[in-house]
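J.: Chain A is fixed; fit chain B onto it per the hints.
Protein chains: 2
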Amino acid sequence: MDNLLNIPGIEISTGKEDLLCYSFDASNAEAALPMAVAWPRKTDEVARIIKHAYENNLGIISRGAGTGMAGASVPRGRGIVLSFEKMKKILDVDTRNMTVVVEPGVINGRLQKELEYLGFFYPPDPASLNTCTIGGNVATNAGGPRALKYGVTRDYVMGIEAVIPDGAVISTGGKTHKRVVGYDLKGLLVGSEGTLAAITKIRLKMLPLPEDIITLLVLFSDLEASGTAVAKIISSKVIPRTMELLDRSSIEAIENYKPTGLPADVDALLLIELDGYPATIKKEAERVVDICNTLRGEVIVAEDTMARERLWEARRSISPALYHLKPTKINEDIVVPRDKVPAVLVELRKLSESSGIKIISFGHAGDGNIHVNIMVDVNNKEEYRKGRELVKKVFEITLKLGGSISGEHGIGLMKAPYLNMEVKEKELGLMRGIKGVFDPKGIMNPGKIFG
Amino acid sequence: MDNLLNIPGIEISTGKEDLLCYSFDASNAEAALPMAVAWPRKTDEVARIIKHAYENNLGIISRGAGTGMAGASVPRGRGIVLSFEKMKKILDVDTRNMTVVVEPGVINGRLQKELEYLGFFYPPDPASLNTCTIGGNVATNAGGPRALKYGVTRDYVMGIEAVIPDGAVISTGGKTHKRVVGYDLKGLLVGSEGTLAAITKIRLKMLPLPEDIITLLVLFSDLEASGTAVAKIISSKVIPRTMELLDRSSIEAIENYKPTGLPADVDALLLIELDGYPATIKKEAERVVDICNTLRGEVIVAEDTMARERLWEARRSISPALYHLKPTKINEDIVVPRDKVPAVLVELRKLSESSGIKIISFGHAGDGNIHVNIMVDVNNKEEYRKGRELVKKVFEITLKLGGSISGEHGIGLMKAPYLNMEVKEKELGLMRGIKGVFDPKGIMNPGKIFG
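Read top to bottom, the protein sequences are chains A and B.
Residue 659 is where the first sequence ends in the working numbering, and the numbering goes up by one at each step.
Residue 659 is where the second sequence ends in the working numbering, and the numbering goes up by one at each step.
These are computed hints drawn from the structure, not numbers from a lab.
Mixed in with the good hints there might be a few duds.
[As the list claims (entries may be wrong)] Restricting the straight-line Cα-Cα distance to at most 27 Å, the calculated cross-link-like pairs of lysine-lysine (DSSO-like) are:
| id | chain 1 | residue 1 | chain 2 | residue 2 |
| --- | --- | --- | --- | --- |
| 1 | A | K649 | B | K643 |
| 2 | A | K321 | B | K357 |
| 3 | B | K632 | A | K649 |
| 4 | B | K643 | A | K643 |
| 5 | A | K490 | B | K490 |
| 6 | A | K634 | B | K250 |
| 7 | A | K634 | B | K643 |
| 8 | A | K357 | B | K321 |
| 9 | A | K649 | B | K634 |
| 10 | B | K634 | A | K250 |
| 11 | A | K491 | B | K490 |
| 12 | A | K608 | B | K297 |
| 13 | A | K250 | B | K632 |
| 14 | B | K440 | A | K413 |
| 15 | B | K649 | A | K649 |
| 16 | A | K632 | B | K643 |
| 17 | A | K445 | B | K297 |
| 18 | B | K413 | A | K445 |
| 19 | B | K250 | A | K608 |
| 20 | B | K357 | B | K321 |
| 21 | B | K413 | A | K413 |
| 22 | A | K413 | B | K632 |
| 23 | B | K250 | B | K224 |
| 24 | B | K600 | B | K589 |
| 25 | A | K490 | B | K357 |
| 26 | A | K413 | B | K491 |
| 27 | B | K491 | A | K357 |
| 28 | B | K321 | A | K445 |
| 29 | A | K632 | A | K600 |
| 30 | A | K357 | B | K413 |
| 31 | A | K632 | B | K649 |
| 32 | A | K490 | B | K445 |
| 33 | B | K413 | A | K491 |
| 34 | A | K440 | B | K413 |
| 35 | B | K445 | B | K491 |
| 36 | B | K321 | A | K440 |
| 37 | A | K321 | B | K445 |
| 38 | B | K413 | A | K632 |
| 39 | B | K357 | A | K440 |
| 40 | B | K357 | A | K357 |
Computed from a predicted structure; not experimentally measured.
Chain A extracted, bound-state conformation (with noise of 0.2 Å):
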C-alpha cells in the first residue's frame, strides 16, 4: 500500500473492489474513486486519520450508509472516505432527561425500534430509515413525512461530538435544552454535508411515545383540491403527523410495480396520520374527514396495523417503482410554502406537458417538501439533457412561489451549481468564510456545497 495511505493501527483498505463500493451514493452523481477507505472505530481513530490527511493534503470524505441524494457522499479529488459503519453503537438511553447519546453509524429504524421498545420516540424519519444512518441524517439535516408535526433533524440535535481538521476533538451542546453560550456551533454542524467537521458523536432528544395512531387514505378526483385539503387541515389547527401527497403519475408508478390496490384512477391521494391520546384523535380525525368531504375527497380508515402498514409500503414503494418507468430519474427535493403546494403540483404539470418528459411528483405536502422526479434515461443523452435542463426550471419555478431548492436532501455536488439562484453572493461568502475558519485546507468533503 502506498505509504502515505497506512496509518498504523487503522482498518484502511485501496483495494481496488472497496474503492468502488465507496465510489458513489443514491444521487446521479459520477462515481469517482477515492485513494482508500478507513472504517474507524472510536473517536481517536477518527482524530489520527483525519490529522493525518490534514498533514498530507488529503481530501476526507464521511460516508454513513450512502443514501444521500445530492452525491455529498461521493469523492472529489484526492481523498480518504471514512466510513462510519462500523461505529454504530447506542452509547446511553437517558430515559429521564429523554436523550439518547449514539455514535454517527447507528441506523435510523434501528435507533427507533430500541427507544419504542422503551416507550420513546425518535421523530425524524427518512423514507431511507433501514438503511440510512444518524450521521448522514445529521449531515443533511434529513426530514421524512412526521417533520410535519415534529421537525428536523436539526430539532433533535442536543449535542455534537467532532474532528476538526487538524485532528482536535470538539464537543459543542449537551445534556440541557437551553443553553446560550457563545455561537451555535452544534447547530452549524447539522447540515453542513461533512465540509466543516467529522461528525464522531450526537446527543439526540427523544420524546414520548404517541399512545395511539389514526391513519387516513384520502383519495381526490382533483389534484388541486388535494392541495386545498391541505391548507384547510392545517388551518383548522390539526396538525397531523403526516401528509403524504401522490399525484396521479405516483399512484400508477406504484400499481404497475406491485400493485397494493390503490385505485388507479384518482388524481391524487393523502396519506395523513395523527398521533396523541386517543380521544385526541378521534377528534382531529372527525374535523380532517368533514374538510375532506367537502372537497369530494373519499376517506378510508386504515382499521389495523397490517392496513396502515400496507398504506407505508405503498409510500414508501415509490422511489424503486419509478425506475420501472424510466431507467433514470432526476430527483429534486424542492419545499415551497405550505399554500403553494398546490400552484407548484399545477406548475409541474404545466411543465411536464410543454417538455414531453414525464414529471412525477409526490412527498410531504404538509410542509411543502415535494420530491420532483424527472424521468429519463441516462443512456439517450438527448433526453437526459433535457431532463437535466427542466431542473432549472422546476429551481425557478419554486424560487418565485417563495420556496427553497432542497428541503432535506442538501446541495452536495448535485445542486452546487444552482446554489447561487438561491442564496446571494453576501451570504454565499459568510458561508465560504466559516468554512475556512473549519478548515483552512479546504480537506472536508472537498467540492461539496461550494462547487
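T.: Frame of chain A, contents of chain B only:
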C-alpha cells in the same frame, strides 16, 4: 454635534440625557455612556448607520428594550447605540402558513396578544414579556416557562434579515420549515447577542392556540420531593407547558412584598400548566395529581382564569420582591439536566448556608433552568465581593452536574469572564473565527461574549 456622529437623514442624539438612558440594562453591568444613540426606522437606515460606523471604526450596540440580564446592551468603548424601539411593526401575519414577520422592536407581549386574537400562539414567554422585544429575544435566544414543552426562541425563527458590518443587508432562512441550502446562518445569528450583525426583520413560526389550559399549584414540605415530582411527571410522559419551581425563600420574599396567600410554611412549590384538548389535559392532570400526592404534595387547582392569573402574578412578582430583601441581586440563569434539579437545589442551599449569603432559587424546573439569585448590597463592598465570588462556585456546581452557565440570558458582559469554564479553547477559537468572518473590524457590540 460631533461631525462624526452626524449621519444625514438619521435620527441620532448625543444629548447627555439620551446617553444616560441608554447606558445600562437590567443586569449589574457597570453603566457606560455611548457616543450617541440612533433610532432607525427601517432597514435602509440601519444599513447606513452601520456602514458609517464601519468606515469610521465606531462600535454598534444594538438594543431592544434593555431588559437583558447579562449586559449585552450596555455600551463598551466608542460606539453608537442602535435602538430598535421605532422599528416595531408587525409586518405580515400569514395564517395559512402559520408564520409572522416582525421588526425587531416589536414587544413580545404585544405579538402574543395580536396572535391570540387570531387564534394563534407564539410560545416563547420570558418573564419580561410585557417589555422585552422580539429582536432582543432573538439576540439572546430567550426562553421562558413554556420552553419546557414548546422550546426556545431558536425553535421559532424561520428567517432573519440583518445588516452586516460593511452595511450589506443579508437574508437567511425563509417561509418554509425545511431548508438545507448551505450553512445555517440564521441559527448562528440567534443567540449571537449583537456581535455578528444587526437584525432588522424576523420571520417567526406560530402555532394554533391550545384549546384549553389547566393550572395546578402543588405545595411540598420538602424541596427534594418537588424535584422528584418534576422528573416523575416527565417520565410518566406528560409534558406540561410549564413547571415552575419556587423554593421556600422565594415564597417568603413574595409574601413579604405583596401577600398573595401563598402558604409561607411550605418548602417548595410547583406551578404546573397543561395545555391542549380538554379531554387530553384532564387525563394528564389526573396523572400529575397522582404523582404529586404520592410525594405528599398538596395540589390546588386554579378554577378559573382569575385564579390562574393570580398564581402567575405571584410567580412574576419574584424579581421585584427580591429587591425588598437586599438592594442587589446577582442573578444567574444556570441550567442542569432535568434529573439534576433536586441535586442542584440542595447544593445551592448548602452554599447559601456555608457562605452566610442568601441565595434564592426559582425558575423553570421542568427544563432544568434555575434562576439563582445571590442577594447582597452593592454598597457593602465586602458583601458584594463575597457574592460575586459565589458566582464562580455556582457555575462549578452547575458544570459538575452536566449543566450550562446560561440557559436563556446569554453571556453579554457579566458572564464573559466565566465563558471558558464551559467552552474550551478550541471551540472558543472557532467562535472567534466566525466573529472575524462577519465582523473583521470588531465593531459589532465590542467586549461582549468573548470579553
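J.: All hints are to be evaluated individually against the structure, with a verdict given for each.
T.: So, going through the hints one by one against the coordinates:
no.	hint	in the structure
1	A:K649 with B:K643	holds (19 Å)
2	A:K321 with B:K357	holds (24 Å)
3	B:K632 with A:K649	holds (23 Å)
4	B:K643 with A:K643	holds (13 Å)
5	A:K490 with B:K490	holds (16 Å)
6	A:K634 with B:K250	holds (20 Å)
7	A:K634 with B:K643	holds (16 Å)
8	A:K357 with B:K321	holds (24 Å)
9	A:K649 with B:K634	holds (17 Å)
10	B:K634 with A:K250	holds (20 Å)
11	A:K491 with B:K490	holds (15 Å)
12	A:K608 with B:K297	holds (26 Å)
13	A:K250 with B:K632	holds (21 Å)
14	B:K440 with A:K413	holds (18 Å)
15	B:K649 with A:K649	holds (24 Å)
16	A:K632 with B:K643	holds (20 Å)
17	A:K445 with B:K297	holds (26 Å)
18	B:K413 with A:K445	holds (14 Å)
19	B:K250 with A:K608	holds (25 Å)
20	B:K357 with B:K321	holds (20 Å)
21	B:K413 with A:K413	holds (21 Å)
22	A:K413 with B:K632	holds (23 Å)
23	B:K250 with B:K224	holds (25 Å)
24	B:K600 with B:K589	holds (18 Å)
25	A:K490 with B:K357	holds (23 Å)
26	A:K413 with B:K491	holds (25 Å)
27	B:K491 with A:K357	holds (22 Å)
28	B:K321 with A:K445	holds (18 Å)
29	A:K632 with A:K600	holds (16 Å)
30	A:K357 with B:K413	holds (13 Å)
31	A:K632 with B:K649	holds (23 Å)
32	A:K490 with B:K445	holds (20 Å)
33	B:K413 with A:K491	holds (25 Å)
34	A:K440 with B:K413	holds (18 Å)
35	B:K445 with B:K491	holds (12 Å)
36	B:K321 with A:K440	holds (24 Å)
37	A:K321 with B:K445	holds (18 Å)
38	B:K413 with A:K632	holds (23 Å)
39	B:K357 with A:K440	holds (26 Å)
40	B:K357 with A:K357	holds (14 Å)
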